[in-house]
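Residue numbers (the numbering used here), protein chains in the order written: chain A, 90 to 515; chain B, 90 to 515.
Be careful, since some hints might not be right.
Copies of the same chain look alike in the list, so a pair counts if it fits in one copy or across any two.
[Claimed, not checked] The calculated lysine-lysine pairs, modelled on DSS-like cross-linking and capped at a C-alpha distance of 27 angstroms, are: (1) 500 x 207; (2) 275 x 349; (3) 197 x 255; (4) 307 x 487.
Simulated from the structure, these hints should not be mistaken for lab results.
Protein chains: 2
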Amino acid sequence: MEKASFALKGTICYAKTMGELETLDQGYVVCREGICEGAYPVLPKEYEGLPVIDYKNMLIIPGLVDLHIHAPQYPSQGLGLDLELLDWLKAHTFPEESRYGDMEYAKKAYRIFAQDLKNSATTRAVIFSTIHTDAAKFLMEALNDAGLVAFVGKVNMDQNCDDRLKEDTDASIEATVSWLDETLGKYETVRPILTPRFAPSCSEALLEGLGGLQKKYKIPVQSHLSENLSEISWVKELFPWSSCYGDVYERFGLFGGEAKTVMAHCVYSSKEEVARIKQNGVYVAHCPQSNMNLASGIAPIRKYLEEGIAVGLGTDVAGGASMSMFRCMIDAICVSKLYWRLLDQSKKPLTMEEAFYLATKGGGAFFGKVGSFEKGYEMDALVLDDGKMNGVRKLDAKQRLERYFYLAEEKGRIAAKYVGGADIWN
Amino acid sequence: MEKASFALKGTICYAKTMGELETLDQGYVVCREGICEGAYPVLPKEYEGLPVIDYKNMLIIPGLVDLHIHAPQYPSQGLGLDLELLDWLKAHTFPEESRYGDMEYAKKAYRIFAQDLKNSATTRAVIFSTIHTDAAKFLMEALNDAGLVAFVGKVNMDQNCDDRLKEDTDASIEATVSWLDETLGKYETVRPILTPRFAPSCSEALLEGLGGLQKKYKIPVQSHLSENLSEISWVKELFPWSSCYGDVYERFGLFGGEAKTVMAHCVYSSKEEVARIKQNGVYVAHCPQSNMNLASGIAPIRKYLEEGIAVGLGTDVAGGASMSMFRCMIDAICVSKLYWRLLDQSKKPLTMEEAFYLATKGGGAFFGKVGSFEKGYEMDALVLDDGKMNGVRKLDAKQRLERYFYLAEEKGRIAAKYVGGADIWN
Numbered sequence: 090m091e092k093a094s095f096a097l098k099g100t101i102c103y104a105k106t107m108g109e110l111e112t113l114d115q116g117y118v119v120c121r122e123g124i125c126e127g128a129y130p131v132l133p134k135e136y137e138g139l140p141v142i143d144y145k146n147m148l149i150i151p152g153l154v155d156l157h158i159h160a161p162q163y164p165s166q167g168l169g170l171d172l173e174l175l176d177w178l179k180a181h182t183f184p185e186e187s188r189y190g191d192m193e194y195a196k197k198a199y200r201i202f203a204q205d206l207k208n209s210a211t212t213r214a215v216i217f218s219t220i221h222t223d224a225a226k227f228l229m230e231a232l233n234d235a236g237l238v239a240f241v242g243k244v245n246m247d248q249n250c251d252d253r254l255k256e257d258t259d260a261s262i263e264a265t266v267s268w269l270d271e272t273l274g275k276y277e278t279v280r281p282i283l284t285p286r287f288a289p290s291c292s293e294a295l296l297e298g299l300g301g302l303q304k305k306y307k308i309p310v311q312s313h314l315s316e317n318l319s320e321i322s323w324v325k326e327l328f329p330w331s332s333c334y335g336d337v338y339e340r341f342g343l344f345g346g347e348a349k350t351v352m353a354h355c356v357y358s359s360k361e362e363v364a365r366i367k368q369n370g371v372y373v374a375h376c377p378q379s380n381m382n383l384a385s386g387i388a389p390i391r392k393y394l395e396e397g398i399a400v401g402l403g404t405d406v407a408g409g410a411s412m413s414m415f416r417c418m419i420d421a422i423c424v425s426k427l428y429w430r431l432l433d434q435s436k437k438p439l440t441m442e443e444a445f446y447l448a449t450k451g452g453g454a455f456f457g458k459v460g461s462f463e464k465g466y467e468m469d470a471l472v473l474d475d476g477k478m479n480g481v482r483k484l485d486a487k488q489r490l491e492r493y494f495y496l497a498e499e500k501g502r503i504a505a506k507y508v509g510g511a512d513i514w515n
Numbered sequence: 090m091e092k093a094s095f096a097l098k099g100t101i102c103y104a105k106t107m108g109e110l111e112t113l114d115q116g117y118v119v120c121r122e123g124i125c126e127g128a129y130p131v132l133p134k135e136y137e138g139l140p141v142i143d144y145k146n147m148l149i150i151p152g153l154v155d156l157h158i159h160a161p162q163y164p165s166q167g168l169g170l171d172l173e174l175l176d177w178l179k180a181h182t183f184p185e186e187s188r189y190g191d192m193e194y195a196k197k198a199y200r201i202f203a204q205d206l207k208n209s210a211t212t213r214a215v216i217f218s219t220i221h222t223d224a225a226k227f228l229m230e231a232l233n234d235a236g237l238v239a240f241v242g243k244v245n246m247d248q249n250c251d252d253r254l255k256e257d258t259d260a261s262i263e264a265t266v267s268w269l270d271e272t273l274g275k276y277e278t279v280r281p282i283l284t285p286r287f288a289p290s291c292s293e294a295l296l297e298g299l300g301g302l303q304k305k306y307k308i309p310v311q312s313h314l315s316e317n318l319s320e321i322s323w324v325k326e327l328f329p330w331s332s333c334y335g336d337v338y339e340r341f342g343l344f345g346g347e348a349k350t351v352m353a354h355c356v357y358s359s360k361e362e363v364a365r366i367k368q369n370g371v372y373v374a375h376c377p378q379s380n381m382n383l384a385s386g387i388a389p390i391r392k393y394l395e396e397g398i399a400v401g402l403g404t405d406v407a408g409g410a411s412m413s414m415f416r417c418m419i420d421a422i423c424v425s426k427l428y429w430r431l432l433d434q435s436k437k438p439l440t441m442e443e444a445f446y447l448a449t450k451g452g453g454a455f456f457g458k459v460g461s462f463e464k465g466y467e468m469d470a471l472v473l474d475d476g477k478m479n480g481v482r483k484l485d486a487k488q489r490l491e492r493y494f495y496l497a498e499e500k501g502r503i504a505a506k507y508v509g510g511a512d513i514w515n
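The following block holds chain A by itself, in its conformation from the complex:
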């Protein structure tokens, strides 16, 4: 991919710190060989030789980062959402995932997923595939070809699941080793991530094996944590020695610390679990739409932010029906208002600026210096055409951005998309 040098001109909006919005009308964002050189009201002299791409009055924002999405569940998008987590897994998710042993099906489905993700506002994502390594490799290739930056995980599971998806413990580890050997360093923008599905479907032997691979390969980890009350009781039954759900992962070296880790949901994390999340630097992938759809509840995101925990947003397709990170921001705001109103009035709702931070710099941090137009950040940018949203009133940059978030799916249009300095739109 070409890591070009250029400047983008337009209405620049980005977040430096949680809750603050930087805006520049007719400003410039400068990119040198894929890295952002900063945002400026006037193009500094030293950059005058660069080509300027003038997006006129359009909004230019950092790319959006999806910290939790299941590629193989994309064909189940918007289906069967009248069930709770464990029933929904059995009725919809496991049957769907079992199809990915068939490479013909996998190719068809993953091509659509990669194309739609490319056409979305997401520039980077942390992605579950299935247990099937061939399909996982195909997905990695398709995402790499699309120019998207992603961590993709071959799922591991050896108990308590559909027979068609149940792996033999040793075979699961062996398959993971050969998948890692083959994919590590192979793609320009896509990397593997260790992916125990969730504690209930992993034996201790499997978790121990995966912990060993983490130490050996030094790669990150993703999984699910404390999403649903029945799930949490089940984990306690299955791992009676554990002091909390997260303890199961931690025991085997799969919960932060040396192992960069993102855990989806954390709706019901106990006091102890929250302390360990914080201590170990585990990222929380907040998936508000999925938590509504599967009637899980509302994650206490304000509490996590107050604790200084790293938080990003996830669409969790197909628990979340929508792949849109704009929708995800709005859902995060909405459920935080209900949390405040219904559960704890000491926890102020998220503002639009805060949701924007979470979707950009918050989740971006999992990928390094990502999600901002500050100097030194990787150059991911979206150019947003809000021409169809213009009504009778003149709006300022913040108002236009807020409206775009709320109405992106109905009236928004992405005009260009840059990932790591590469134009992947045209």
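Mind docking chain B on chain A? Use the hints.
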């Protein structure tokens, strides 16, 4: 408007009873002079002479009914939603509504509103305008020209509001009288509705005057009820004699009974208020997105349904950011899941079939026999093209419909729209 006779062919989906979905693959809906003659798997002999419009594999559903929407707030769509109701009214809504004294502004804004509503899935709506009668008349005309069926209310308010919107009590009644005299029976599809803004902004004298007009003109009533906790305390202060918020309206003959009435929100209706809503046959307009956006809470819709109360859905633009009734259905489902999970596990979440019923037959009942393809219903229909939602799997009619609800804004396309038997799309 032409009340044609024809049959529509396609994948027919509609609700007869709460929670049940009727589907017919390659079925027919028959319309005779604007009235539905029923839905059939095979076209009955007696209708064989009618022109058949073949929508192939597309979904055909009854039109969707929006029981609560503020036309003049449309320019504020997706703006300033980090505030609660009373602050939001002051900061955004009242300033915006004060512009509608300027007919140039009103015409520009209402033309956009009517056009966008025509292009939406909404076939019928119950609509607030502002205090300005000229603007209200223009809106009624624009909606009538668009072929939409609507109740439109000139708003009455004479206290506790922006000075620019505060009416003199007598002048408010006089203006309403002349507006009613001019608009009653004037339009083919649009009718006036009495619209005290909400109890806090109406003096007793104004409410009494409006009650008198209701008796005289025998027209319906719309207002807001028990949306927000601060609002409810305020009503109690302003009307210390009232036994509940709804009692303020009832005292003046503006709360069901002879006066067909729809009340938006009912998030915090007391036991007594619920009993009176039921007894008086008041319709509840459930506005889930608005109730999230303004951090109001979650209305206990399951309880209302168990009580046999008439419930429909409302987008409440611009408390709700989206005009989409599909989104409204999904929001209703989502908040009902959170209500069940967080507040009361005896109140089962709404299913997709139930949300569909509320958006069609539930709200439709406010307009008469509306919202179904049963014989004798007015012929409102939407033809939905879900071609862009097709993935790798074959789905049945129910699955396609559920997916359409969740993804309408992202990938849906309305292919045709019929209101009262008239094709208003082409």
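Notebook entry, point to check: Under a CA distance limit of 27 angstroms, which applies to residue 307 and residue 487: within one copy, between copies, both, or neither?
Noted result: For residue 307 and residue 487, the Cα distance exceeds 27 angstroms both inside one copy (41 angstroms) and across copies (46 angstroms).
Margin query: Please sort residue 275 with residue 349 into within, between, both or neither, judging by C-alpha distance up to 27 angstroms.
Written below: within (20 angstroms within a copy, 68 angstroms between copies)
Check: Are the CA atoms of residue 500 and residue 207 at most 27 angstroms apart within a copy, between copies, both, or neither?
Finding: both (19 angstroms within a copy, 15 angstroms between copies)
Note to self: For residue 197 and residue 255, with the copy left unspecified, which applies at a CA distance of at most 27 angstroms: within, between, both, or neither?
What the structure shows: Only inside one copy: residue 197 and residue 255 sit 23 angstroms apart there, 62 angstroms across copies, limit 27 angstroms.
When each numbered hint is compared with the structure, a violation occurs for hint 4 only.
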